[in-house]
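*Asks:* Each chain is listed here by its residues.
2 protein chains.
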Amino acid sequence: MTSPMLSVCGLVAYDGSNYHGFQVQVGVPTIQGALEGALAAITTPASRVVGSGRTDAGVHANGQVIVVRLPWRHSVADLQRAWNAHLPPDISLRRLVLAPEGFHPRFSALSRTYRYRIDQYDPGGYPPPRRSPLTERYGLFVPRPLDLEAMRAAAEALVGEHDFATFGQPPQGVNTVRRIFEAEWRVVHTDLPPLDDFPGRRIVFTVRANAFLRQMVRNLVGSLLEVGRGRWSPDDMALALAARERSCSAPPAPPQGLIWERVEYPDQLGVWS
Amino acid sequence: MTSPMLSVCGLVAYDGSNYHGFQVQVGVPTIQGALEGALAAITTPASRVVGSGRTDAGVHANGQVIVVRLPWRHSVADLQRAWNAHLPPDISLRRLVLAPEGFHPRFSALSRTYRYRIDQYDPGGYPPPRRSPLTERYGLFVPRPLDLEAMRAAAEALVGEHDFATFGQPPQGVNTVRRIFEAEWRVVHTDLPPLDDFPGRRIVFTVRANAFLRQMVRNLVGSLLEVGRGRWSPDDMALALAARERSCSAPPAPPQGLIWERVEYPDQLGVWS
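As given, the protein sequences belong to chains B and C, one line each in that order.
Those letters in the first sequence? Residues 1 to 273, by the working numbering.
Those letters in the second sequence? Residues 274 to 546, by the working numbering.
Since the hints were derived computationally from the structure, they do not count as laboratory data.
All C-beta atoms in this analysis are idealised placements derived from N, C-alpha and C, irrespective of residue type, glycine included.
Errors might be hidden in some of the hints.
[Claimed, not checked] If you want the footprint, here are the derived chain B segments under chain C, 3+ residues with CB under 8 Å:
| no. | segment |
| --- | --- |
| 1 | 39-51 |
| 2 | 60-67 |
| 3 | 149-161 |
[Claimed, not checked] One-sided and incomplete, this derived list gives chain C residues near chain B with beta-carbon spacing under 8 Å:
| no. | residue |
| --- | --- |
| 4 | Y287 |
| 5 | A314 |
| 6 | I315 |
| 7 | P318 |
| 8 | I364 |
| 9 | R367 |
| 10 | L371 |
| 11 | E374 |
| 12 | F380 |
| 13 | S384 |
| 14 | T386 |
| 15 | R404 |
| 16 | V415 |
| 17 | V477 |
| 18 | D508 |
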């Protein structure tokens, strides 16, 4: 009376505020640990959840992709429902499907897309504007002017295939060459009239690459913030990149502004269809 | 060596998730309690913080207004800095100024503006879309179609001076007549391309009135959701209003979607200028 083994692939969203990152670590709450713990409540023996990558402590995700092989005798929809019922409210399994033949959440990926959100207020008068608790859980509050055009110019220099050794260590091996397809700052305009009379704007950095080094997005954003503040010129960004030297990066931007939005797979795999 | 007494008026934003509402209650965390506790760390004797109104447990604010009379010998900017330094991260004192002569945060107010945010997903396929932890802290997740035109028609019937006894009890006295100046549903369009491929939209209800009864906004939204789901017609909303009977309201919408955005005062008071 053993259950048949299934390989399922899931889309996971989480608020990373209360977790020490994705990967299981002894004695601290992690996303992978919570996913496996919830699964252990509904299946035996324990199954290992494999993610498409790691996130740092405090980083969020809308589209982490996981795969797990487990014994299950009911439908995949039933598994999704049961698994979600055992997850804490800050983690959600948004999709769950049978994994395509040969699918691996990391090795099958073509690219990953991250976003970094900044709520930037101009200091109009004294004292300067104060942070708003309603925006800082998923964004960085910056109470000073930022030169967006300079940040855009600096970001452009990152697009293409480069050795990003300045901006992070590889998760394994020694290869620090990555290809960035898109690295763009956008001002978020919405047609909902603001009721908050603080002078400011929300800017969002979207970056998509074949893969990222550890802390690479946060180091890139930290360095782009130096450009925005006028401490670095856009050319300094290109020089930092060319140095291929970890010490040439600015400190990483804080984790709470970072959201892992999506993992892109080849269409022919038909992962979610 | 006593300090001079100051009356100051502040603009307070808070994430209400971890509080039992604004008003002080014994043995549970409240916004007023946290504000007074932080103040007690920097001034003696203890001072009472007076708000422009209450919020329920779990409701958020961008623009709660408070007034407090306290002994202080330094600048108001110093007081704001010191007070903020003792507040928890989910509460922020965004502005602090000397209170205008005769100012009262509640009685001087002309109107209050609230917003209720809904993330509405259309069930495309089976199983239906799952909640996203990144949007549900400040919004309600509704995984079904909502008839927005019907909700708009129903909201229109609320504008004007009416007896709102169906939708709440008065905070004091017996008068349940209030004047709604604006009650409008908007779809939030933003020029940031969505990376989330779940079919859905964010809709926001903005309501401004001279004053509100207890739980009135949540009861109005709860009833408008009945209209959106097709269980009530827009006319049923007008009938519920005309009944002036608490039992004729739908259950209140959950608190986490509600944000108290602003309190409006007469220009000539020059509160923040």
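*Asks:* Against each hint, give a clear statement of whether it holds in the structure.
*Replies:* Now the hints, each set against the structure:
1. Proximity of the segment 39-51 of chain B to chain C, defined as three or more residues with a beta carbon under 8 Å from a beta carbon of that chain, is not established by the 0 residues found.
2. With 3 residues having a beta carbon nearer than 8 Å to a beta carbon of chain C, the segment 60-67 of chain B meets the requirement of three or more and the stated coverage holds.
3. Using a Cβ-Cβ cut-off of 8 Å, 0 residues of the segment 149-161 of chain B lie near chain C, which falls short of the minimum of three, so the contact claim is violated.
4. This hint holds: Y287(C) has a C-beta 6 Å from the nearest C-beta of chain B, less than the 8 Å allowed.
5. A least Cβ separation of about 18 Å between A314(C) and chain B goes past the 8 Å threshold, and the interface hint is therefore violated.
6. This hint is violated: I315(C) has a C-beta 16 Å from the nearest C-beta of chain B, more than the 8 Å allowed.
7. About 26 Å separates the beta-carbon of P318(C) from the nearest beta-carbon of chain B, more than 8 Å, and the hint is not met.
8. Because the beta carbon of I364(C) sits about 6 Å from the nearest beta carbon in chain B, less than 8 Å, this interface hint is met.
9. With a cut of 8 Å, the hint placing R367(C) at the interface with chain B holds, because the nearest CB-to-CB distance is about 5 Å.
10. Evaluation of the L371(C) hint against chain B yields a violated restraint, the C-beta minimum of about 14 Å exceeding 8 Å.
11. At its closest, the beta carbon of E374(C) sits 22 Å from a beta carbon of chain B; the interface hint therefore is violated under the 8 Å criterion.
12. Hint status for F380(C) relative to chain B: violated, with the closest Cβ pair at about 22 Å, above 8 Å.
13. Interface restraint check: S384(C) against chain B, minimum CB-CB distance 12 Å, threshold 8 Å, status violated.
14. Interface hint at T386(C): satisfied, since its Cβ lies 6 Å from the closest Cβ of chain B, which is below the 8 Å cut-off.
15. Among the interface hints, the one on R404(C) holds; its C-beta lies about 5 Å from the nearest C-beta in chain B, closer than the 8 Å criterion.
16. The closest approach between the C-beta of V415(C) and any C-beta of chain B is roughly 15 Å, which is over the 8 Å cut-off, so the hint fails.
17. About 6 Å separates the beta-carbon of V477(C) from the nearest beta-carbon of chain B, less than 8 Å, and the hint is met.
18. The beta carbon of D508(C) is not positioned within 8 Å of any beta carbon in chain B (closest approach about 28 Å), and the interface hint is therefore violated.
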